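For the protein sequence lines, the chains are A and B, in the order given.
One point on numbering: in the numbering used here, the residue at position 106 of the first sequence is 106, and numbering is uninterrupted.
One point on numbering: in the numbering used here, the residue at position 143 of the second sequence is 143, and numbering is uninterrupted.
Just so you know, these hints were derived from the structure itself, not from any lab.
Being a predicted model, the structure only gives us computed values, none of them experimental.
Glycine included, C-beta positions come from ideal geometry on N, C-alpha and C.
Accuracy of the hints is not assured; some may be wrong.
Said to hold, decoys possible - Ranges between beta-carbon positions, derived for each pair:
1. B:K47 to A:L111: 39 to 47 Å
2. A:K100 to B:V63: 38 to 46 Å
3. B:G116 to A:I91: 49 to 57 Å
4. B:D69 to A:T31: 43 to 51 Å
5. A:D125 to B:K132: 54 to 62 Å
6. B:M30 to A:Y53: 45 to 53 Å
7. A:L111 to B:E46: 27 to 35 Å
What the hints assert, rightly or not - In the DMTMM-like style, the derived pairs of lysine to aspartate or glutamate whose C-alpha atoms are separated by at most 20 Å in a straight line are:
8. A:K100 to B:E6
9. B:K99 to A:E73
10. A:K47 to B:E17
11. B:K100 to A:E4
12. B:K92 to A:E4
13. A:K66 to A:E80
14. A:K100 to B:E4
To be verified - A partial selection of chain B residues facing chain A, derived with a Cβ cut-off under 8 Å:
15. E4
16. E6
17. V10
18. G12
19. G16
20. L51
21. D69
22. T97
So you can see what is in the structure, the chains are spelled out below.
2 protein chains.
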Amino acid sequence: MKRELEPFWVSGFTDGEGTFYVGINKNTEMTAGFQVLPEFRIVQHEKDIKLLYKLKSFFGCGVVRKNHDTRYEVRIRKIEHLAKIIIPFFIKHPLQTQKKHDFLKFRKVVLLIEKGEHLTRDGIDKILSIAKKMNRKEKLRTIENFKNKFG
Amino acid sequence: MKRELEPFWVSGFTDGEGTFYVGINKNTEMTAGFQVLPEFRIVQHEKDIKLLYKLKSFFGCGVVRKNHDTRYEVRIRKIEHLAKIIIPFFIKHPLQTQKKHDFLKFRKVVLLIEKGEHLTRDGIDKILSIAKKMNRKEKLRTIENFKNKFG
């Protein structure tokens, strides 16, 4: 018997364990010279890999992959899935920690990409200035790399 | 306007951030020579201290205290509150990660204390053997200390 996850449980678990991440990579094949990769993910120790598959099935999108060492993740990268499934879900089942501010910035980036603004240098600048204000340590690291490499 | 937390959000957040902990300390004033201190807690960075107060208000018990450095915790230690509020809550709104096994062991310990078994050496042995199987690294550390000091 399959046990469904409760929507608010998913919201609470995301407040603890989820990451809204915006990756920015140099890519000369893109018009603006950069590729923007927003990603929502939840990482767990492999002992909870079944839960990652439950989350994938809950959202009806995403993939389960190895993250690092004994850690696995469920991650959603497709803009359509982020815009039509993930973002509306967290609007309806709001985060309660300061992570909600990351989510709101993430949402802005996804909306800009939906409008195709990531294909212009102006759009990329806008996205970078939003991403800069995101709290995640790894995000800050990415921006430092970005600046060091391309700044 | 006060915003209430959703019960399942609290369960999901606990799966990510909560700890069910059983402390065991030597205490010569206790009949069995040991004091058993079960504790449920959620630790957050000080930027989310308001959420800890919301959790305290949600459960209607506990205290908010400094944990370490820039971290604060809401914690519940009173056996009555653990037995009558916390444990029934997580039976009704079940954990989904492997932490649920810690919770079930924690529950056993609280039930043993309610029956007064922690006042006998046999009861303490029973509690120790349950606590030993709990997953938390810090728990294992405590047992090692226990063994080194009193074993």
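Going through the hints against the structure:
{"no.": "1", "hint": "B:K47 to A:L111: 39 to 47 Å", "in the structure": "violated, 26 Å"}
{"no.": "2", "hint": "A:K100 to B:V63: 38 to 46 Å", "in the structure": "violated, 25 Å"}
{"no.": "3", "hint": "B:G116 to A:I91: 49 to 57 Å", "in the structure": "holds, 50 Å"}
{"no.": "4", "hint": "B:D69 to A:T31: 43 to 51 Å", "in the structure": "holds, 46 Å"}
{"no.": "5", "hint": "A:D125 to B:K132: 54 to 62 Å", "in the structure": "holds, 57 Å"}
{"no.": "6", "hint": "B:M30 to A:Y53: 45 to 53 Å", "in the structure": "holds, 46 Å"}
{"no.": "7", "hint": "A:L111 to B:E46: 27 to 35 Å", "in the structure": "holds, 31 Å"}
{"no.": "8", "hint": "A:K100 to B:E6", "in the structure": "holds, 16 Å"}
{"no.": "9", "hint": "B:K99 to A:E73", "in the structure": "holds, 18 Å"}
{"no.": "10", "hint": "A:K47 to B:E17", "in the structure": "holds, 17 Å"}
{"no.": "11", "hint": "B:K100 to A:E4", "in the structure": "holds, 16 Å"}
{"no.": "12", "hint": "B:K92 to A:E4", "in the structure": "holds, 15 Å"}
{"no.": "13", "hint": "A:K66 to A:E80", "in the structure": "violated, 23 Å"}
{"no.": "14", "hint": "A:K100 to B:E4", "in the structure": "holds, 16 Å"}
{"no.": "15", "hint": "E4", "in the structure": "violated, 11 Å"}
{"no.": "16", "hint": "E6", "in the structure": "holds, 4 Å"}
{"no.": "17", "hint": "V10", "in the structure": "holds, 6 Å"}
{"no.": "18", "hint": "G12", "in the structure": "holds, 3 Å"}
{"no.": "19", "hint": "G16", "in the structure": "holds, 2 Å"}
{"no.": "20", "hint": "L51", "in the structure": "holds, 6 Å"}
{"no.": "21", "hint": "D69", "in the structure": "violated, 16 Å"}
{"no.": "22", "hint": "T97", "in the structure": "holds, 5 Å"}
The structure does not agree with the numbered hints 1, 2, 13, 15 and 21 stated previously, though it agrees with the rest.
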